[in-house]
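If you read the sequence shown in the working numbering, its first letter stands for residue 48, the second for the next number, and so on.
To be clear, the hints were calculated from the coordinates, so they are not data collected in a lab. Hints should not be assumed to be uniformly reliable.
Subject to a maximum C-alpha distance of 20 Å in a straight line, what follows is the list of computed SDA-like cross-link-like pairs (lysine to any residue) [said to hold, decoys possible]:
#  : residue 1 : residue 2
1  : Lys139    : Phe121
2  : Lys139    : Gln168
3  : Lys139    : Ala96
4  : Lys139    : Arg171
5  : Lys139    : Ser123
6  : Lys139    : Glu103
7  : Lys139    : Glu104
8  : Lys139    : Pro53
9  : Lys139    : Leu156
10 : Lys139    : Pro124
11 : Lys139    : Leu127
12 : Lys139    : Gly75
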Amino acid sequence: MERYSPHVTVACVIERQGRYLMVEEERGGPLTCFNQPAGHVEPGEGPIAAIRREVEEETAWQVQLTGYLGLYVFQSPDGLTFHSHGFVARPKTYLATPLDSDIHATHWLTLEELAIHEHAQRLRSPLVMQRLHDMRAGRLFPLSVIHE
């Protein structure tokens, strides 16, 4: 019997003046897609360290984490299961360092612009809007609920 091994990931909603920091990334087709800064938790790393690293690698921003949205379980169309830890942060310092190679650009987008991308099916997954709506509804936990 094969052992159940979900992909453990992190993602972060970062808001500044009514706009959200998004990455435009490759998705293996003619069009790019939009996602919050996100990625896999690496061996020996906890979710908090992982999201700080991923945000910096994908956006060149250092952030101050302000809350935990919770654990999102997502089944992809190709049958992969993801356990994604959602975070909220505010931007702190822009480093102007090179972005990960699969990131085309970063954008500060409004909720309306994201809804247009959602309608055009250019969001990475339904979790992008779910995390955003949860943050806007105030569904946040303190970071202290994570014990690393």
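Do the hints match the structure? See the list:
{"no.": "1", "hint": "Lys139 / Phe121", "result": "violated, 30 Å"}
{"no.": "2", "hint": "Lys139 / Gln168", "result": "violated, 31 Å"}
{"no.": "3", "hint": "Lys139 / Ala96", "result": "holds, 16 Å"}
{"no.": "4", "hint": "Lys139 / Arg171", "result": "violated, 25 Å"}
{"no.": "5", "hint": "Lys139 / Ser123", "result": "violated, 33 Å"}
{"no.": "6", "hint": "Lys139 / Glu103", "result": "holds, 11 Å"}
{"no.": "7", "hint": "Lys139 / Glu104", "result": "holds, 15 Å"}
{"no.": "8", "hint": "Lys139 / Pro53", "result": "violated, 32 Å"}
{"no.": "9", "hint": "Lys139 / Leu156", "result": "holds, 18 Å"}
{"no.": "10", "hint": "Lys139 / Pro124", "result": "violated, 36 Å"}
{"no.": "11", "hint": "Lys139 / Leu127", "result": "violated, 34 Å"}
{"no.": "12", "hint": "Lys139 / Gly75", "result": "violated, 32 Å"}
In this structure, the earlier hints numbered 1, 2, 4, 5, 8, 10, 11, 12 are contradicted, and the remaining ones agree with it.
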